[in-house]
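Here is what each chain is made of, one letter per residue.
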Amino acid sequence: MNSALIIIDKAPYGYENALSGIYIAIASLDKGIQADILLMGDGVYAALKDQSSEKTIGYPSVGELSYSIFPEGNLFVHLDSLNQRGIEYDDLVEIAELIDDKTLYNLSKSKNHIMKI
Amino acid sequence: MDIPKENSQNNKTMVIVLLDGPYISQYVNIGCEMAEAALNLGYGVKIFLYMDGVHNLQKDQNPRDFHNISYLFQGLIKKGCEIKACIRCAVSRGYQDQSQFLDGVEITSVYDLAEWMLGDSKIITLGG
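Just so you know, the sequences run in chain order A and B. When we follow the numbering used here, the leftmost residue of the first sequence carries the number 1, and every step to the right adds one. When we follow the numbering used here, the leftmost residue of the second sequence carries the number 118, and every step to the right adds one.
Among the clues, some could well be false.
[Claimed, not checked] Computed list of lysine to aspartate or glutamate pairs in DMTMM-like fashion (alpha-carbon distance at most 20 angstroms, straight line):
hint	chain 1	residue 1	chain 2	residue 2
1	A	K111	B	E232
2	A	K102	B	D169
3	A	K31	B	D169
4	A	K116	B	D169
5	A	K116	B	D214
6	A	K10	B	E223
7	A	K31	B	E232
8	A	K116	B	D229
9	A	K111	B	D237
10	A	K109	B	D237
11	A	K116	A	E16
Hint data in this document are derived by calculation from the structure and do not stem from the laboratory.
Based on the sequences and whatever the hints tell you, model everything.
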């Protein structure tokens with residue numbers, strides 16, 4: 001089976017990248033590709049729960065949209081990036097999975113495609 | 118450039134995803150140069166325009182201070198490069214239909230990018 005890792009490293013609002021990256025993951029899963037999302041750097045903010053972007057800035061909630069890849073796809077959150085920003089695991093959406101550097105290395109090796117959006 | 122015999126029969130394809138529009142960065146030029154090199158080596162090349170990348174194929178570009186980027190894409194299309202653009206991104210940016218783009222570009226959905234990922238291809242994203 002083909003596989004892909006979509007890396008998002010930009011904050012979910014102010015940039016279109018997070019939303020567009022999730023759309024690529026959704027389309028990939030629809031085609032039978034084992035697609036996962038990795039949030040790293042400021043991209044980890046996309047996994048915060050209780051985002052209110054629809055009410056406040058009229059933009060889709062990236063946190064809610066991330067559920068669209070579940071359960072076929074995984075939403076990985078880079079552990080170091082999370083710690084550096086003082087965010088706790090309990091602050092994240094339920095489908096978020098923490099990933100450390102070693103596990104990320106092995107995950108990357110296993111993927112056919114790696115796309116940084 | 119002559120196509121080396123060892124590469125002329127392969128079925129491998131390079132897929133380039135362009136995220137930036139023209140002129141704001143060098144990514145588009147680099148992507149086009151990579152595409153041309155791959156085509157000259159006998160590889161298939163496909164380009165998917167995503168987010169601001171859809172602006173690259175807009176007709177009637179007329180930069181005063183830069184080379185017109187659309188000429189690069191026209192050359193790639195003539196060499197057999199397949200180019201598609203995301204319809205969601207295009208509509209968001211005010212494009213109404215195909216007529217606003219260079220001939221040879223197909224406006225389609227991101228599901229076609231996923232389709233390209235299924236074959237014997239390698240994907241590179243540039244920009245963003």
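The hints, checked one at a time:
1. A:K111 <-> B:E232: Satisfied, since the Cα-Cα distance of roughly 16 angstroms is no more than 20 angstroms.
2. A:K102 <-> B:D169: violated (34 angstroms)
3. A:K31 <-> B:D169: Distance of about 24 angstroms is beyond 20 angstroms: violated.
4. A:K116 <-> B:D169: Holds - the C-alpha atoms of B:D169 and A:K116 are around 15 angstroms apart, at most 20 angstroms.
5. A:K116 <-> B:D214: violated (29 angstroms)
6. A:K10 <-> B:E223: Given pair A:K10, B:E223 is violated - Cα atoms ~28 angstroms apart, limit 20 angstroms.
7. A:K31 <-> B:E232: Cα-Cα ~7 angstroms, so holds.
8. A:K116 <-> B:D229: holds (18 angstroms)
9. A:K111 <-> B:D237: holds (13 angstroms)
10. A:K109 <-> B:D237: Given pair A:K109, B:D237 holds - Cα atoms ~17 angstroms apart, limit 20 angstroms.
11. A:K116 <-> A:E16: holds (13 angstroms)
Checked against the numbered hints above, the structure violates hints 2, 3, 5, 6; every other hint is satisfied.
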